[in-house]
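Enquirer: Listed below are the residues making up each chain.
4 protein chains.
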Amino acid sequence: MLEIERKHASFSDTVHYRDPPKLVSRHEGSYVYDKDGTAYLGLPMRYWAASFGYGNERLNNALHHQIDTLPQLACQYLHVEKVQLAAAIGRLNESKFGVTGRVHFNVGGSQAVEDSLKLVRNETGKTLMFAFMGGYHGRTLGASAITSSYRYRRRYGHFGDRAHFVPFPYCFRCPWGKKRESCELYCVDQFAKNFDTEYNSFWDAKAGEAEFAAFYVEAIQGTGGYVVPPPGYFEKLKAILDERKILMVDDEIQMGFYRAGKFWAIENFNVTPDIIVFGKALTNGLNGLSGIWARDELITPEKFPPGSTHSTFSSNTLGTAVALELMRMTEEIDYEKITREKGAYFLERIRDLQRRYPKIIGDTDGMGMALRMEICQADGFTPDKDLCDAIFAEGIKGDLDVRGKKMGLVLDVGGYYKNVFTLAPAFDITNEEIDLSIEMFEMLFKRCAPDRV
Amino acid sequence: MLEIERKHASFSDTVHYRDPPKLVSRHEGSYVYDKDGTAYLGLPMRYWAASFGYGNERLNNALHHQIDTLPQLACQYLHVEKVQLAAAIGRLNESKFGVTGRVHFNVGGSQAVEDSLKLVRNETGKTLMFAFMGGYHGRTLGASAITSSYRYRRRYGHFGDRAHFVPFPYCFRCPWGKKRESCELYCVDQFAKNFDTEYNSFWDAKAGEAEFAAFYVEAIQGTGGYVVPPPGYFEKLKAILDERKILMVDDEIQMGFYRAGKFWAIENFNVTPDIIVFGKALTNGLNGLSGIWARDELITPEKFPPGSTHSTFSSNTLGTAVALELMRMTEEIDYEKITREKGAYFLERIRDLQRRYPKIIGDTDGMGMALRMEICQADGFTPDKDLCDAIFAEGIKGDLDVRGKKMGLVLDVGGYYKNVFTLAPAFDITNEEIDLSIEMFEMLFKRCAPDRV
Amino acid sequence: MLEIERKHASFSDTVHYRDPPKLVSRHEGSYVYDKDGTAYLGLPMRYWAASFGYGNERLNNALHHQIDTLPQLACQYLHVEKVQLAAAIGRLNESKFGVTGRVHFNVGGSQAVEDSLKLVRNETGKTLMFAFMGGYHGRTLGASAITSSYRYRRRYGHFGDRAHFVPFPYCFRCPWGKKRESCELYCVDQFAKNFDTEYNSFWDAKAGEAEFAAFYVEAIQGTGGYVVPPPGYFEKLKAILDERKILMVDDEIQMGFYRAGKFWAIENFNVTPDIIVFGKALTNGLNGLSGIWARDELITPEKFPPGSTHSTFSSNTLGTAVALELMRMTEEIDYEKITREKGAYFLERIRDLQRRYPKIIGDTDGMGMALRMEICQADGFTPDKDLCDAIFAEGIKGDLDVRGKKMGLVLDVGGYYKNVFTLAPAFDITNEEIDLSIEMFEMLFKRCAPDRV
Amino acid sequence: MLEIERKHASFSDTVHYRDPPKLVSRHEGSYVYDKDGTAYLGLPMRYWAASFGYGNERLNNALHHQIDTLPQLACQYLHVEKVQLAAAIGRLNESKFGVTGRVHFNVGGSQAVEDSLKLVRNETGKTLMFAFMGGYHGRTLGASAITSSYRYRRRYGHFGDRAHFVPFPYCFRCPWGKKRESCELYCVDQFAKNFDTEYNSFWDAKAGEAEFAAFYVEAIQGTGGYVVPPPGYFEKLKAILDERKILMVDDEIQMGFYRAGKFWAIENFNVTPDIIVFGKALTNGLNGLSGIWARDELITPEKFPPGSTHSTFSSNTLGTAVALELMRMTEEIDYEKITREKGAYFLERIRDLQRRYPKIIGDTDGMGMALRMEICQADGFTPDKDLCDAIFAEGIKGDLDVRGKKMGLVLDVGGYYKNVFTLAPAFDITNEEIDLSIEMFEMLFKRCAPDRV
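Listed in order, the protein sequences are those of chains A, B, C and D. The working numbering puts the first residue of the first sequence at 1140, with every later residue one more than the last. The working numbering puts the first residue of the second sequence at 1140, with every later residue one more than the last. The working numbering puts the first residue of the third sequence at 1140, with every later residue one more than the last. The working numbering puts the first residue of the fourth sequence at 1140, with every later residue one more than the last.
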């Protein structure tokens, strides 16, 4: 099979980051199984899409059911689930933010990001955006332009709408060497300075107009390493943006749907974004359905009329049916409580790990069930990418002896220095499974860094 | 339901092209049903995605089955269906074109187009493309730049990589007033002239280098109105492009998978494209899975290495499972024969219609099961968009009295003047159903243009 | 001297098109002299800048005088000559076109073109332009984007505002193979077709808006080979542009100031451009002064306020003093008569040459004192660049035996195929000098193509 | 005259920054005279172009002489002065920096900047640049893209090659609140951090390649307010750029030719730029001649061949003759000594002023004869633009009673907050004239801020 793959498949996606790639056959709950039946406890849950657990029965059933009724429809016609899903999200946001808005669907996170760019360009007549260093918004050309890594642009020619990237408040490694206790959000002040005079390049004081249309944010950086910003940061930032008539676009593709303890991660920070982009967990990973919500003023039928954007699979019936069921689950089940509690338990366990392995773990942090563990050298600060890679590779081997059974641990590596384990367990993970993962971490530490345990 | 929609849904997709939108509840074979159970015979088959029929049992079952085994997987791991699907397409192209290549998957046609743009930019170091007037390649910012309609760019600011659009060989309305019988492919010669001297703006004769990287083509234009190019056109075009080292990217999103009587529409024209983009019918519309195939030289692991592009839902397990089953069907069933024969029958029937309604139909044409019927004024040439719209609107009312039953006819309008019915019936449509559609066309002609029948 | 040059000077300007370069010491009237005192009759007159003759006493004196009074001034202050010059041009255009306008100065033709681009962008909010194949507007990045030759862009990365280049009505080599007598301006119709439907890529019919802001034209192409468009062409083109709200920018840098028999070349064609760009002959080549004139509505102090553009040498006192004197000369002397008469005489002489050397000259044409002679192969049509180059090279050798004296002939080669001598003699050339040039042409023909005379 | 101006002249240059504009008739040495003969002592010397004094006899004579010999020449031919001037600059740079290079000429500073952009793009294949906040490089579209003020871009659509602007080390108002004594060049470290990881957006660590091609610097900011960077800054910056293979382009248009006490301002800072751009004072403001010098590797005839760039007035004979004479003057006269000494005297005098008027002057600084005086509120720090404007306006009135005569003081206002007098006196200003200017400053302070003197 690997030989066939090697001959016919492009290597351009992420399969070959690891060589040879891992073949997976089945999954359930928090586990994936290889063809030999070995179980791997998954902490990333498929790039953060399967928050509600692999093989979630209720959602899978919704999908089965929709196949048997209306498995597809040209998006020029209407089906009930689309309407109900849009309404569910609209009402939820109205209750949370006190503002009305509208929902537009698409397929794939990048395309939703592209739709948000169209919305911003349409509203402002401008094409330049702010975005965060460490931010990730997708891999279409437009989304790559606002994603920080130059690596994603390097071989693809000129990006005329490359964002201006602003340091994210990554306090463990504050770019200005400040301490969170005493910094008084120095970082936001540094951003605000950009508008002091026209010579700072962003602001025409005579016209009272900014050159940049919107600021794309992830409330908690995903690929950037699950970095949690300090309290007050976003409030202060939004005030500056409002004053300069710069929109805030909140990319919740990774963190939305309770990953960070609230329906939207941004809710943790007391600001109302102008546009929200979402995807991934919207269908628990069962369908590429994605979407945007925008404040009404930006997306009225007059301003953003029929035909403003479109895609064949945009409001597809299978995806909307699953998403609608998922929205119902969130109305019935208190996921805020679940994610806060399980997240707190998991955070406590990794903080304990940090205390016990100070020569391996430099930082732990988390919000809801988005947790980070930064692998550092013995000084507890210098990033140790090599060790991080080793732990990842050993974890995925599937040969950890866990209570008499061979198991593996599936991890995801992120962060600016690629030395952060970003932990995004399924919401139905049990405390026992959390404990199990901690056990496996310890085994991996011992195996990979025997001299630092 | 429509009221809720009106409040919470963005109008920006195509639902509100018709107001109020049509609510659909169920579909099967070639029919969709509204909530009252009225049947509508569908000729477009969901923007050309459901070529293999609504509710195709074999494909739906493949989807059901995959949900119960491995409904998703992070695309950094591998699953069998992905490999087999890539291999099936790779082998098929090798057999057809005699060149080896590789397949990369994504989700949504636009994202596959964006991937192809990355591939082209990576190979050539250039960012400018040729594309056809009347061509459609998607609605992300990058895809909009190579899609002809300015309407899709107008409110979205500057497009620094806007394509140079070349007239498509639309012989019924030849831009140069030539006749197909005697033109000797004047249109290709006009394109070739662009490289005569450096003053034509495209060619640096001293360096022997073109300013443009690739030519994006649809072998048969989709949205442009199912325009079939004259024999020899693409062969001659490809020779010019090869001479100038300009790649040809063949967008088969609408026409691929036998719509035009061959697996790829381009096969009808004896050229081997450098890159093929596909989607839609790949899963019979059940999943947003899309992809590109490229000649090996362009997409070697060295040139287009891991991480070159990526998306969460790219090679998703549900989509690849359905697509793999579909590929198996194409190996077992002679769709070439089916589409050629049924297409021929349908074409004959609409040609007969044209003979009988010369004051309504100006042109009919078709290749495989991609057929066109151009609605014109009494002179048989001047486009009659109003009549076309009226026929569309009456057809979708669902009140045609067909052999004692109320029925509707779902049509799709395309073409430069929005006066073309683009007919893309399901491959399992019966001759009786074709006859039925002809009957309904006649009813609609009589209802909408009583003085011209 | 040449050795020093070879070591310290960049080769990037046009000096090294010919190697070794020619050293010039002095010039006067229509002649330049090398260090040995050999005279060369100049037909191009320094890239068309010195129309009023080398060493024009009156203009040189104006320059001498200004040096002794106010040789410079920061352009934030005002000097009399600037005001009078602006007024002279403004009044002239009012009398010619019946519309009021304003004048803005800069230095170098390209910078004036850049200013015109700013004016167009400011007015329309759009960044895309039409321009002609064969058109030349300068070599800054912005001007290169609307200049047809890809050679001027090739090594300089992405040009996001590359113009869409339209074939110029070059009737001797009509791109569509039409004959001027019977074509009925087919070429303009071909341009007009671009706005037929949104699928032609330039026009949003729903919004009634074009994607392109302006059309940059040279009324007679300069570098393109002194191609004179057919009567009616520009009138018809302007009507189409007006209908689509696309501005016409008339680049008179090469043809302005009577080169084509009228003050502005465009006056020959009965249209009023929205913007005129000028330079070169404005100071008879004594100063880089350039400028734009625009219809009042485009350039009101409100729309194009102080600080909209600027350059240190923009309205420099030396340049404006010379230009003002030149404007006075044009008021006192009937240059229209002079250029029409001398041009007619010269054209008659080269037409006679063509009759006598049909195997060398394929086409001759001219308007005012802008004349062309196209060197072709024996068939009278196939461009013969080699012969053209040979004639040029022999002419500049300075060894023609003319009535007992060694002389040279300075020619300029232009045209799409680099086979056109573009003749732009000084306005004070005598008929005897014209005859002399004809004699030298004959000698050169005999020397370079003995078998075709 | 003003009425005529108001009717025919565009207001778009800087004349109307002050309304009504000042009419100037004559100038000499450091003085300009209005039509009534009132003298104004000029401290800016025509946007820094006339460093060698108004009406400099030697240079004016060189200009007169050239008019009478060869006042112009098509730049495809060669004249002696061009060669000698290129050689003079080339040799000077070789002696100063120990590297060989080549010189290319153009006209107007912006066009030289555009040429440098072409050179950078040609070398690197990249289009994005770093530049300084507060930096000014011209007003063509390309130059505006790397000039910090958004005001210069706002109404002109998309700038796809907008620079990334980096804070200049403006220590009096350190963006990070550091003190020069203890900062250890924190600012350079902040810049260096941009290359720490790929997530900082500028660096692809895997490929070892930066997204940005060059850093455009003014060694001392001109328009930005004559800000002198701290010792060591540029050395440290250059090291970082070299390490990342990012070129340094040194814009000496304002500061070159001894303004800052050395031939090139950058010489004060011990770094060798890769490209130098120059203009303005090159001809003492008598001609728009400008140019670039580049390290040989960047500008070999192979890499930057004939035709790479061009402009009619590029190496014009009048400009090169004056510039050559000016180069001779700099070889004969010790301008380094002159500018250092007079600059020191002037700086001492304004520092004394600052001591005596601490409630008006917040900062004084200078290098060579580029001096700054920052007008602040009584706290000595808050910028006081209003007072600065008032002093400027009163100075230019021409009614100061100076030793029994009515006089005026011409000032130039710059700086981020438009509260800095940027003083650029003529090199032949006398100490008495310096004293005179100080006297006038005091009168103006008393007149404009009686309560703060």
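Any given hint might turn out to be false.
Unchecked claim - Using C-beta positions, here's what the derived DEER-type ranges look like:
#1 1382/C x 1346/A: 30 to 36 Å
#2 1591/D x 1346/A: 28 to 34 Å
#3 1370/D x 1536/A: 21 to 27 Å
#4 1381/D x 1441/C: 31 to 37 Å
Bear in mind the hints are in silico, worked out from the structure with no lab data behind them. The structure presented is a predicted model; accordingly, all values stated were derived computationally and were not measured. The beta carbon of each residue, even a glycine, is placed where N, CA and C say it ideally should be.
Enquirer: Could you run down the list of hints and mark each one as holding or not?
Expert: Do the hints match the structure? See the list:
1. 1382/C x 1346/A: 30 to 36 Å: Distance hint for residue 1382/C, residue 1346/A holds at roughly 33 Å.
2. 1591/D x 1346/A: 28 to 34 Å: holds (32 Å)
3. 1370/D x 1536/A: 21 to 27 Å: violated (56 Å)
4. 1381/D x 1441/C: 31 to 37 Å: violated (48 Å)
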